[in-house]
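*Asks:* Chain order of the listed sequences is H and G.
In this text, residue positions in the first sequence follow our numbering: the first is 14, and each later residue adds one.
In this text, residue positions in the second sequence follow our numbering: the first is 8, and each later residue adds one.
Everything labelled a hint here was simulated from the structure, so no lab data went into it.
Hints are supplied without guarantee of correctness; some may be wrong.
Said to hold, decoys possible - Derived BS3-like pairs (lysine-lysine); straight-line CA-CA distance at most 27 Å:
id	chain 1	residue 1	chain 2	residue 2
1	G	238	G	210
2	H	223	G	211
3	G	282	G	157
4	G	130	G	91
5	H	256	G	211
6	H	165	G	157
7	G	282	H	214
8	G	170	H	214
9	H	165	G	170
Because the structure is a prediction, the values reported are computed rather than measured.
What follows is the residue order along each chain.
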Amino acid sequence: MFSLFKKFKEGLTKTVSAIAAKTQGLFGGRKIDAASLDELEEALYTADFGVETTTEILAEIKQAYKKDPALQGRQAAEIGVAVLRRVLEGSEGRLDVVAGTGKPQVIAMIGVNGSGKTTTTAKLAHKFKIDGQSVLVAACDTFRAAAVEQLKSWATRLELDIVASHTGADSAAVAFDAWQAAKSRGKDWLIVDTAGRLHTKANLMEELAKIRRVLQKNDPAAPQHRWLVVDGSLGANSIEQAKVFHQSFGLTGLIVTKLDGTSRGGAVVGIWRQLKIPIYFIGLGEQPEDLQPFSAENYARAIFGLE
Amino acid sequence: MFESLTEKLTGALRSLRGTGALTEANMADALKEVRAALLSADVHFTVARDFIARVQAACVGQAVLKSVSPGQQVVKIINDELVKLLGEGTTELAAKRPLKVLMVGLHGSGKTTSTAKLGKLLKKKGARPFVVGCDIYRPAAIDQLEILAKQEELGFYSDRVTKDVPALGTTGLATALAQNADVILFDTAGRLQIDTDLIEEVKKLKAAVTPDEIILVADGALGQEAVNVAKAFHDALGLTGLILTKLDGDTRGGAALSIKSVTGVPIKFIGVGEKTADFEPFYPERLASRILGMGDVVSLVERA
Ligand SMILES: Nc1nc2c(ncn2[C@@H]2O[C@H](COP(=O)(O)OP(=O)(O)OP(=O)(O)O)[C@@H](O)[C@H]2O)c(=O)[nH]1
Ligand SMILES: Nc1nc2c(ncn2[C@@H]2O[C@H](COP(=O)(O)OP(=O)(O)OP(=O)(O)O)[C@@H](O)[C@H]2O)c(=O)[nH]1
Ligand SMILES: [Mg+2]
Ligand SMILES: [Mg+2]
């Protein structure tokens with residue numbers, strides 16, 4: 014468990030150093046002043062937090078500063094952490110079997126093009142295996158060139174059970190077959206990788222609904238988990254994406270990828286504020302082990318450069 | 008959301024009607040609205056700030072036109088500045104033959120797809136394009152490019168065994184030239200701009216194949232990160248152009264302004280879909296009104 018935590022920290026260390034570099038001195042022993050407040054505003058905006066969260070954090074720090082003109086950077090950071098923690102309260106998704114439903118528990122990975130669905134499918138399946146749970150993955154992206162080969166290649170590398178067809182096949186039929194296979198092999202989990210699609214494309218959104226309808230012929234509760242994979246380096250459009258996917262598919266969770274870069278994934282805070290969809294995992298790289306449970310506390314502290 | 012800036016600006020500047028000229032003071036509210044619009048379109052914080060300063064300088068002293076509202080007038084000035092900035096430089100690729108093009112960018116930005124799209128476009132214009140798959144890391148990345156190349160009847164080379172990317176590039180180039188190709192496109196692996204090993208690798212690839220064009224392929228929905236990414240790739244490689252992808256969605260595309268501002272490199276093409284035909288030349292006017300969230304006002308002022 015310690016190593017997971019460490020990995021989380023390492024991944025976000027670059028994030029932290031980026032924000033800490035912006036606000037250097039601010040979160041050290043230095044006293045707050047007008048200039049450091051401006052720097053803080055800039056740092057928050059450049060983390061993609063957007064107007065609402067930035068304003069809220071700034072307002073509380075400014076208020077504290079007004080009460081105590083000797084306010085130190087470190088105290089300001091603690092206030093920032095407290096605000097973010099409060100905003101994110103309840104946002105940590107913890108994966109569990111959905112009550113009253115049986116095996117396999119189905120997780121559908123959905124999202125816009127290139128967000129990290131296939132890689133996350135592989136990482137998550139790997140995690141299940143390590144945790145001693147059985148899993149099958151379904152290659153339901155039958156659209157993109159070599160998408161099937163991509164997941165197959167992961168399956169070979171990580172020794173995962175997979176059900177796949179060929180490019181151009183009916184994605185819903187693959188999902189149906191995969192469920193049957195998962196059931197007959199007594200799998201705990203079925204992870205369905207789907208094609209990337211922009212939320213603005215009605216026909217492609219309808220294909221998702223079809224995958225769901227077909228899965229429900231097997232089990233009315235499936236897919237119990239409908240997760241949006243969000244690229245952490247994208248901006249405000251992530252919120253639009255989440256809204257539309259949520260409307261048409263009823264999201265139950267989020268995964269934020271690519272947080273091993275210097276992006277801070279602040280748009281996800283906006284998604285949480287508006288839709289209250291919990292965040293399950295964060296992606297911190299391209300390797301199977303680069304997937305960590307989301308911790309609001311760690312995230313908040315990392316953002317403000319606190320240990 | 009798209010039309011709100013125009014409305015807000017019209018409101019913020021209503022009081023100006025009848026006043027003689029635009030001044031710093033009487034534009035303050037309006038520029039605040041513009042800033043908010045730019046930020047919500049994902050334009051980088053400091054880029055937005057500098058842009059506002061430019062607009063302010065351009066506006067101050069201008070007489071308030073009688074025929075349109077001052078709000079509309081300011082929108083027009085902002086729009087013109089934005090078009091000017093976005094449209095700087097040529098959208099054409101270098102005419103040189105053989106032309107070597109290196110495609111780089113973050114993970115999943117659309118490099119492989121755009122490589123095939125560009126190949127298709129150039130083929131249509133009579134070139135003999137050839138693609139080289141230099142992504143030896145992502146599972147099935149080479150297969151993806153090979154399938155697209157076959158589909159578009161482009162020359163193709165890669166190596167599924169080697170771990171030496173610059174050598175792969177060199178062999179790919181030689182193979183392409185031997186087959187009489189006159190445009191050679193190198194698709195590379197996605198990489199973070201802070202991944203020093205992979206940045207070193209692509210620098211070596213550049214040294215090995217000496218590309219004429221180095222294109223950053225960026226997701227049109229990138230957030231504030233766009234500035235760091237563009238700056239680092241530009242510093243490491245010396246970019247010559249940009250391709251913005253996934254503009255078929257509803258992203259406002261403010262990242263384009265951020266990238267353009269920090270690199271000065273021209274935007275050459277945009278991706279507007281998954282299919283290889285979904286690829287267009289770049290028009291600054293369209294992107295400007297998309298970022299600002301308006302369109303009709305500009306033509307209104309134009310007619311006045
Ligand atoms: N650095 C980094 N790269 C990642 C992460 N997750 C995925 N990637 C990379 O992002 C790129 C896209 O990932 P995919 O898993 O293919 O994304 P996808 O959503 O399945 O893409 P489509 O199926 O084409 O829509 C690949 O190069 C992955 O290796 C992450 O957490 N960090
Ligand atoms: N809607 C849309 N999708 C696009 C566009 N360009 C690329 N894509 C999709 O985006 C996803 C990623 O595209 P790729 O070409 O694989 O991206 P890449 O940069 O090569 O990814 P890596 O090699 O993993 O870093 C795929 O699902 C593509 O179909 C575009 O303009 N619009
Ligand atoms: Mg995929
Ligand atoms: Mg690629």
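*Asks:* Are the hints correct? Go through all of them and say.
*Replies:* Hint check results:
no.	hint	verdict
1	G:238 / G:210	holds, 15 Å
2	H:223 / G:211	violated, 47 Å
3	G:282 / G:157	holds, 14 Å
4	G:130 / G:91	violated, 31 Å
5	H:256 / G:211	violated, 43 Å
6	H:165 / G:157	holds, 21 Å
7	G:282 / H:214	holds, 14 Å
8	G:170 / H:214	violated, 39 Å
9	H:165 / G:170	holds, 21 Å
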